[in-house]
Each structure stands twice: as structure tokens, then as C-alpha cells.
Amino acid sequence: MVRELSGRVTFRVFKRGVLSRVAHDLQLSMGSVKVTLEDGKVCSELPLSSFIVDGALQDGLVVAGVISAKDSKDILKNMHSTVLKTEIYPNALIEGNIDSAESLFRGHLTLRGRSVEIAFPLNAGQNLFEGAVEIVPTRWGIAPYRALLGTLQLQDRVEVFFQFGPSGH
Numbered sequence: 004m005v006r007e008l009s010g011r012v013t014f015r016v017f018k019r020g021v022l023s024r025v026a027h028d029l030q031l032s033m034g035s036v037k038v039t040l041e042d043g044k045v046c047s048e049l050p051l052s053s054f055i056v057d058g059a060l061q062d063g064l065v066v067a068g069v070i071s072a073k074d075s076k077d078i079l080k081n082m083h084s085t086v087l088k089t090e091i092y093p094n095a096l097i098e099g100n101i102d103s104a105e106s107l108f109r110g111h112l113t114l115r116g117r118s119v120e121i122a123f124p125l126n127a128g129q130n131l132f133e134g135a136v137e138i139v140p141t142r143w144g145i146a147p148y149r150a151l152l153g154t155l156q157l158q159d160r161v162e163v164f165f166q167f168g169p170s171g172h
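Using the numbering used here, you'd call the opening residue of the sequence shown number 4 and step up by one each time.
Hints were generated in silico from the structure; no laboratory data involved. There may be inaccurate statements among the hints.
[Said to hold, decoys possible] Taking lysine-lysine pairs in the DSS-like style, the calculated list, with each CA pair at most 27 Å apart, reads:
1) LYS76 x LYS37
2) LYS80 x LYS37
3) LYS73 x LYS18
4) LYS76 x LYS88
5) LYS88 x LYS73
6) LYS37 x LYS88
7) LYS88 x LYS18
8) LYS18 x LYS80
9) LYS44 x LYS80
Required output: the full structure, derived from the provided sequences and hints.
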């Protein structure tokens, strides 16, 4: 049986470097992401153009109004042109299988044309799938973003949170 799910994927990126005190950790998200499930197989094409900047993170919470509209636009521009190269690679692809006995996803994530094996725990109910995974961008050949001659950088890790349920709900 084929099941279509929809949901939201949230990404958290973290700063480092000499000037990190003047920068912010960030939360970005993608809404309306679709996932197809069929006999334990999972497939989802993530449209990288759908990213939005939710805001700055302070003590693990998103604080609205800290990031200006111009800064949000610049963040997305740099992410699309420099980090993800969405003109060439407009989508990420996740494919794999759910091991119900272990509540585990095992599969591949393809970013910028490179497919890398990933595995992570799932909280799976009859109508809801949720979980989190930390990815290391350099595994996909993506160097951490750098600005101001490297005095401000992003860490080589991204926390990814997701929640999917029946489409239309």
C-alpha cells in the first residue's frame, strides 16, 4: 500500500570562529515536504528552493525579529549560491527503508549530486513519523560556509528535525 505523507523539516546551523559572538545560530525550515511510503520503503524529494529562515536561536529557542529581512535574504542567497548550489542541484533526495522492529531508518541522502548512507532512529506511529538526525555536510563535499576571511564560519554539523503525517492534515 502506498501512503503519501506531508510535513515539515527543520534545520539548525551553528556558528563558530573569532567573530561568532556577533553572529547567530540559525533555524531554517521547509514546509509542505512530501514523503511516499510503500511497504517500508521511503522516498522524498526535498525542494531546496523552499527554505525559509525561521530566525536566530538563543538557548535552543527561535527568537523572532533578531534576523532582519535583508539578512534573511542574504542568508538564503548564500545558502543557494555557495553552499547548496541549487541552480545545479535543486533538490535533495532521501531514499531508504524503515526497520519497524528497531524503529530505525536506513538509506541514502543525496545532496549536491553525492549520495551518502545515513541511519537514524524514528518515532513512528500509525499516522505520524518524527525524528532527528545530525548530518555532517563535508560528507557530501559541502564545506562549512565562511565569511569575513574565515573569522566567521558555520560548524560542520546540521541538526535536522522532521515530522510527517497524512497528507491533507
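Each hint, compared with the structure:
1. LYS76 x LYS37: It holds: about 25 Å lies between the C-alpha atoms, which stays within 27 Å.
2. LYS80 x LYS37: Distance ~24 Å between LYS80 and LYS37 Cα, so the pair holds.
3. LYS73 x LYS18: Since the Cα atoms of LYS73 and LYS18 sit roughly 19 Å apart, the hinted pair holds (cutoff 27 Å).
4. LYS76 x LYS88: holds (16 Å)
5. LYS88 x LYS73: Satisfied, since the Cα-Cα distance of roughly 20 Å is no more than 27 Å.
6. LYS37 x LYS88: holds (22 Å)
7. LYS88 x LYS18: holds (20 Å)
8. LYS18 x LYS80: Holds. LYS18 to LYS80 sits at ~18 Å (cutoff 27 Å).
9. LYS44 x LYS80: violated (34 Å)
Violated hint: 9 only; the structure is consistent with all others.
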